[in-house]
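Residue numbers (the numbering used here), protein chains in the order written: chain A, 1 to 106; chain B, 1001 to 1308.
Worth flagging that the hints you see were computed from the coordinates, not collected in a lab.
Using N, Cα and C, we set each Cβ at its ideal position, and we do this for glycine too.
Some hints here could point you the wrong way.
In the DSBU-like style, the derived pairs of lysine-lysine whose C-alpha atoms are separated by at most 35 Å in a straight line are [as the list claims (entries may be wrong)]: (1) B/Lys1197 to A/Lys31; (2) B/Lys1238 to A/Lys31; (3) B/Lys1169 to B/Lys1111; (4) A/Lys31 to B/Lys1225; (5) B/Lys1118 to B/Lys1099; (6) B/Lys1294 to B/Lys1051; (7) A/Lys31 to B/Lys1267; (8) B/Lys1051 to B/Lys1225; (9) B/Lys1051 to B/Lys1035; (10) B/Lys1225 to B/Lys1238; (11) B/Lys1269 to B/Lys1099; (12) B/Lys1206 to B/Lys1118; (13) B/Lys1204 to B/Lys1225; (14) B/Lys1111 to B/Lys1225; (15) B/Lys1197 to B/Lys1099; (16) A/Lys31 to B/Lys1023; (17) B/Lys1035 to B/Lys1269; (18) B/Lys1035 to A/Lys31; (19) B/Lys1169 to A/Lys31; (20) B/Lys1269 to A/Lys31; (21) B/Lys1269 to B/Lys1065.
Pulled a few chain A residues facing chain B out of the computed Cβ check, cut under 10 Å [what the hints assert, rightly or not]: (22) Pro19; (23) Leu38; (24) Thr40; (25) Cys41; (26) Cys47; (27) Ala48; (28) Leu69; (29) Leu72; (30) Thr74; (31) Ser80; (32) Asn91.
So the chains spell out like this:
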Amino acid sequence: MITFTIEDRDGTRQALEIPEGINLSLMEVLKASDYNILATCGGMALCATCHVQVLEGLDALPPAQDAELDMLDTLPNAESDSRLACQIRVNETLEGALFAIRGEDH
Amino acid sequence: MRCHLIDALPQVGGQLSEIYPQKPIYDIPGYPEVKAQTLVDNLMDQIAPFKPGFTLGERVESLEKQDDGSYVITTNEGTAVHCQVVVIAGGLGCFEPRKPEITNLEQFEGKGVAYMVKNPELFRDRRVVLAGGGDSALDWTIFLADIAQEVTLIHRSDSFRGAPDSAEKVVELARQGRIKLLLQSNITSIQGNGHLKEVSVTAKDKSVQILAADHLIPLFGLTPKLGPIADWGLHIDKSAISVNTVDYSTNVERIYAIGDINTYPGKLKLILCGFHEAALMCQSAFQYVYPNQKLSFKYTTVNGVPTF
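The following block holds chain B by itself, in its conformation from the complex (with noise of 0.2 Å):
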């Protein structure tokens, strides 16, 4: 069997690389302590052999049923995968921008509310309503103070957790009247007539005003969604997807779920156990890849790696 690997994130390991590089790991057989890059790296040597294909950076958007039972996998660029078997190894999801609480913030998404920066000269001479602390908060107020007619910086603390450097800056802009910071503030609601007009935000003090506003850009950092996986007709349980133990299988034939992402009665997420359910799911997916072949066991050991 081959397999191809489709990560939205640009390299490959998943929390392991994109989170917690450096951190130490002490429960994986063999290594008393690894780095999790370290694992990732070893184990990308260990999978070499078999040579599989990697798409990085790219969300599979969709799966597409054959008629012969088949999938096609296509992702947010266009990418086409055909493949016998589909794995979801999602993990937490994928990385979403994080929504403020306010009620019809979705209805005003696209027109008028948007939660990242794609192209800055949209703009320009418009009136621009920025929401956050961290750091993009405030690079993006910096950046947009000379190419919007009027930016304004909400923040619901009274101090910056993001670069000392950007934070002096913000508020340096704000004493020379180019940006206004509205600090210890909130908004708690926004109005429009099809698109975006009025943000109103509360102060701690509880006092409201009004902003005028052509866009809002709440940049509240991101938080792990399933996203489209939860569009794919299987068996949601608590944001997980439930899977037959035997191996691993969804409730949709040749479709099935490891690691984190799934879930059965005493799922432990680790992962050692991310290890167990790929083995498990492998032997069962054979049937898809080669339905003539009788699948026989084999231990590396007896035959080396190359046979597999």
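Chain A with its partners taken away, still in its complex shape (with noise of 0.2 Å):
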């Protein structure tokens, strides 16, 4: 099991436990967790709608590529630990994460 933290907007926080090997985005893991993201583009970092920042755990993600640096450069809130969910693949390198969801929501 793989096991990270997520903040939702209004600050409560829920761990998360995700079978290793599953192959899953992160954003597609909150979605199906009924976390309020809208994920419009469906995961072509096209949106930026599932924009999270990585409170905990940042470095051990492998790191951004240009499709997701440009698409948060475009953010106005974005700050340096910024992501996209939909480019983060869910696997051991989230283990004790902690991620807070920033998107804009519904």
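Put the two chains together into one complex, using the hints given.
This is the structure:
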């Protein structure tokens, strides 16, 4: 199991336990866990509605690629720890991480 | 039946042509792999015999129900189309400027705050603050440096991902003192009295400075929004239109929604599903287009294309 924590917009935190080898993005896991994220573009790094801040465990994640960095750059509220959940694969690199949901809601 | 297609984009194909024309798609039946634009081109060939009409580069603003139940659709350019049935295949919605989170920002829209530059002359001899780090922020900073009295560019990062040439030019203009460049900074509030007067900027070290400004132009790219669709009395669920899966009709008679814009239990945002939804929608739409005729279901393999 991979365990990491999600902080919702209202500050409530919840730990998620995800089986290894699930082959989903963090965005897909968040949607499946009924978090209120739009993910309008479906995971192509085009809409930035799955914007998260990685409050803990940022360095363990594989670095963002150009498409993600370009999109993050257009976000007025992005910080140095901002990522797009759709570009993060859920695997052991997420163990112990803390993500805060930042994208605009419905 | 005849179809007239209206799209806010200048070309047909929606996301496929606009966002990922060269990306291969692997889940279209009959095509092990097909580029998005090729699929659109093929679809255009396939529908050509049915002579659809096209209004491109215009956004539908209003639907007006007529006494006989039909609709007149009007675009932002004033194009009007009379039809028996409206089918919304709006995909992600339409792309609108992304707005930074500044509490009273919308209060100053049109009163100093604008999200695009339509007429640069408006800014002549004015004090202009731009925010953003992409190509359009860089380009307009360079352009307005020659026109405005004072130009300030605010960017939250310390580097630009826009075109390197433009980024260098902006840094050079700042070095020459022709513009003011505030990096690692964000606009935290704006003030004014009926019209924008001041912009408060907070730097990474939490220091705040207040800039006198006549205009603020936030340039943070585009984000998909439902736009006018939200005002048509349709049931909206999480930014999508609720439909009945019997025929993909909405809660409003004669208005259907197909593709990524709709939602229903079990919805999958797949091109494949959009085709299926369109087929069922057409069967249902027939009753409004030809109320006195009985629809008989036909196969192209039996009758060929022209009989449709």
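Now the hints, each set against the structure:
1. B/Lys1197 to A/Lys31: Violated. B/Lys1197 to A/Lys31 sits at ~42 Å, over the 35 Å cutoff.
2. B/Lys1238 to A/Lys31: OK: B/Lys1238 and A/Lys31 at ~12 Å, within 35 Å.
3. B/Lys1169 to B/Lys1111: Status holds; Cα separation ~30 Å.
4. A/Lys31 to B/Lys1225: With a Cα-Cα distance of about 19 Å, the restraint between A/Lys31 and B/Lys1225 holds, given a limit of 35 Å.
5. B/Lys1118 to B/Lys1099: 17 Å, holds
6. B/Lys1294 to B/Lys1051: 23 Å, holds
7. A/Lys31 to B/Lys1267: OK: A/Lys31 and B/Lys1267 at ~14 Å, within 35 Å.
8. B/Lys1051 to B/Lys1225: This hinted pair holds, its Cα atoms lying about 30 Å apart.
9. B/Lys1051 to B/Lys1035: The given pair, whose Cα atoms are some 24 Å apart, holds under the 35 Å limit.
10. B/Lys1225 to B/Lys1238: 11 Å, holds
11. B/Lys1269 to B/Lys1099: Since the Cα atoms of B/Lys1269 and B/Lys1099 sit roughly 27 Å apart, the hinted pair holds (cutoff 35 Å).
12. B/Lys1206 to B/Lys1118: The given pair, whose Cα atoms are some 34 Å apart, holds under the 35 Å limit.
13. B/Lys1204 to B/Lys1225: 31 Å, holds
14. B/Lys1111 to B/Lys1225: Within the cut-off at roughly 23 Å; holds.
15. B/Lys1197 to B/Lys1099: Holds - the C-alpha atoms of B/Lys1099 and B/Lys1197 are around 19 Å apart, at most 35 Å.
16. A/Lys31 to B/Lys1023: 25 Å, holds
17. B/Lys1035 to B/Lys1269: 18 Å, holds
18. B/Lys1035 to A/Lys31: At roughly 28 Å apart (the allowed maximum being 35 Å), A/Lys31 and B/Lys1035 satisfy the hint.
19. B/Lys1169 to A/Lys31: 42 Å, violated
20. B/Lys1269 to A/Lys31: 14 Å, holds
21. B/Lys1269 to B/Lys1065: 30 Å, holds
22. Pro19: Given a least distance of 23 Å, the restraint on A/Pro19 is violated.
23. Leu38: A/Leu38 check passes; min Cβ-Cβ to chain B is 6 Å, inside 10 Å.
24. Thr40: A/Thr40 check passes; min Cβ-Cβ to chain B is 5 Å, inside 10 Å.
25. Cys41: Since the shortest Cβ distance to chain B is 7 Å, the answer is holds.
26. Cys47: 6 Å, holds
27. Ala48: Status holds, d = 7 Å.
28. Leu69: Holds, because the Cβ-Cβ distance from A/Leu69 to chain B comes to roughly 6 Å (cut-off 10 Å).
29. Leu72: 9 Å, holds
30. Thr74: 3 Å, holds
31. Ser80: 8 Å, holds
32. Asn91: Since the shortest Cβ distance to chain B is 23 Å, the answer is violated.
Hints 1, 19, 22, 32 from the list above are not met by this structure, while the remaining hints are.
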